[in-house]
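Listed here are the chains, written in short residue letters.
There are 2 protein chains.
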Amino acid sequence: MRDFTADHRWLSINTATVRKQRGQDWPLLQILDACAARGIRAVSPWRDQVHAAGLAATARAVKSHGFELSGYCRGGMFTYSSDAGRQAVRDDNRRALDEACELGAACLVLVVGGLPGALAGRPAHKDLAAARAQVAESVAALLTDARERGMPLAIEPLHPMYAADRACINTLEQALDLCDALDPGRSGAIGVAVDAYHVWWDPKLAQQIARAGRERLLALHVCDWLVPTTDLLEDRGMMGDGVIDLRGLRALVEAQGYAGYSEVEIFSAKNWWQRDGGEVLDTCIQRHRDCV
Amino acid sequence: MRDFTADHRWLSINTATVRKQRGQDWPLLQILDACAARGIRAVSPWRDQVHAAGLAATARAVKSHGFELSGYCRGGMFTYSSDAGRQAVRDDNRRALDEACELGAACLVLVVGGLPGALAGRPAHKDLAAARAQVAESVAALLTDARERGMPLAIEPLHPMYAADRACINTLEQALDLCDALDPGRSGAIGVAVDAYHVWWDPKLAQQIARAGRERLLALHVCDWLVPTTDLLEDRGMMGDGVIDLRGLRALVEAQGYAGYSEVEIFSAKNWWQRDGGEVLDTCIQRHRDCV
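Chains A and B supply the protein sequences, listed in that same order.
Just so we're aligned: the first sequence equals residues 119 to 410 in this note's numbering.
Just so we're aligned: the second sequence equals residues 119 to 410 in this note's numbering.
The set of hints was computed from the structure by calculation and includes no laboratory data.
Everything numeric in this text was worked out from a predicted model, so none of it was measured.
Hints are not guaranteed to be accurate.
No copy labels: a pair is met if it fits in one copy or bridges any two.
[What the hints assert, rightly or not] Derived lysine to any residue pairs resembling SDA-like cross-links, with alpha carbons at most 25 Å apart: (1) K388 / D408; (2) K244 / D353; (3) K138 / D363; (4) K138 / D349.
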């Protein structure tokens, strides 16, 4: 297992972690400058932040700072309730792939979507199995595009509390079943993003990480689970402030040969998004060394 | 599959559903009167409500109204961080068993506990596997007491969002693994309580209900998952107001021979607990017929 205590060379910052500080959007190019100034070597930007900054300008900044992208957030949201919706999903995910390629991302992270319409509070139906079938079909189609571009797809199983509205793939086992169905040869074209927040509770965590193996482990995301947690979406904790055995999780993925970045992704409306962005980045560096 | 549309003979009311209306505790004996007045045939009371009303008085009321108890809520909270804690857990669960017997409950429902201390915001450690081992050991010990008394134990897997502080058994598969380890003969002494809210998201739901079979399916709890959900604990929805395919779930358990009650258990601080208790009960009856 790698020693993270001495430096932060394996730290990546998911840029949602500092996306809006004290009510103001922190522009992506400024976030990148602040990361580079701290010797952070990798980031994972969100699409809306990239679009706001401009894709070409972001690519230039990434190149000039010498950043690696531990992933690109995100494709997915595959479920639909009309033919037009289906085509829009397909087109949008192809664009996400192209952007990921332009930025040189290690993978395109997929948050697959829940019941169509649920995120807007108007679920079209209650058939979770049907939503899952749409996801499987959509990922299969996207995988063809992804193979052509040489861009790996990383399915991110989301915590079951997001099954209705954000992602109906909710366990590593379920994600890996889909990977195995679409890519039995374990080519590296499709795998999973293991996010501590989403999977830490799973009684089959160790077993499924071992099953995933090096070929399927495309990304590792960290934050922490607070007790109590006061909001389903925006109350994630800084590493060390909650109950997740982050070092134990990292040991599991590294035992399979994972040697990539540990990407910090924290949505925290009342705490970390209310602080100075530089302070948040400094804290991420320290906790990366002390707790991950 | 039974027809629920014509009457509410298979409705049970978990008394937490109307425990505190508009900020005032609704005393258990009054709840029982209100249920009886509506032709409700079964209830599932919580221990603290029974203690407040008195065990003997509750038993008399149950008998005089002719209620069945679809379950008794609840035993469990098995995890501890000291020898004294371990003994206190054991003693308390034996008392819960005795109370369940006195009241003639169909089963003692077990919410197994999470990381010790986490519910009070002070987790003693982050070792979820160790907590799970304590649970397994404690359930094994309690099963001996339960067999002596002829009181079935119903392990209730709780939604993974409660893994830290309320229950570290989070899937039906995990609960059934424990049942199989402790009772390979499927004697009926131990099984599961299937609560729609906790398990609806599970990609292995149908498979694990089939695995459970009639001998392990001891209780069915219903409410609904709202989109959005604004609180992790007290924002459960009334049946029909959310996204759970309740009739589909009931079809799965009834296909295995489950022929017991459908128990309504709703924690709803901002909606249903703010209404008149009689209105809530009337709504439960209507939704039981229309949506379950």
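Taking the hints in turn, this is what the structure says about them:
Within a single copy, K388 and D408 get their C-alpha atoms as close as 23 Å, which meets the 25 Å cut-off; across copies the closest is 40 Å, which misses it. Taking the closest pair of Cα atoms, K244 and D353 come within 25 Å of each other only across two copies (19 Å); inside a single copy the shortest separation is 27 Å, beyond that limit. In the homo-oligomer, the alpha carbons of K138 and D363 never lie at most 25 Å apart, since the shortest distance is 28 Å inside one protomer and 37 Å across protomers. When the C-alpha separation of K138 and D349 is checked against a cutoff of 25 Å, the pair qualifies both within a copy, at 17 Å, and between copies, at 23 Å.
Going down the numbered hints, you'll see the structure goes against just number 3.
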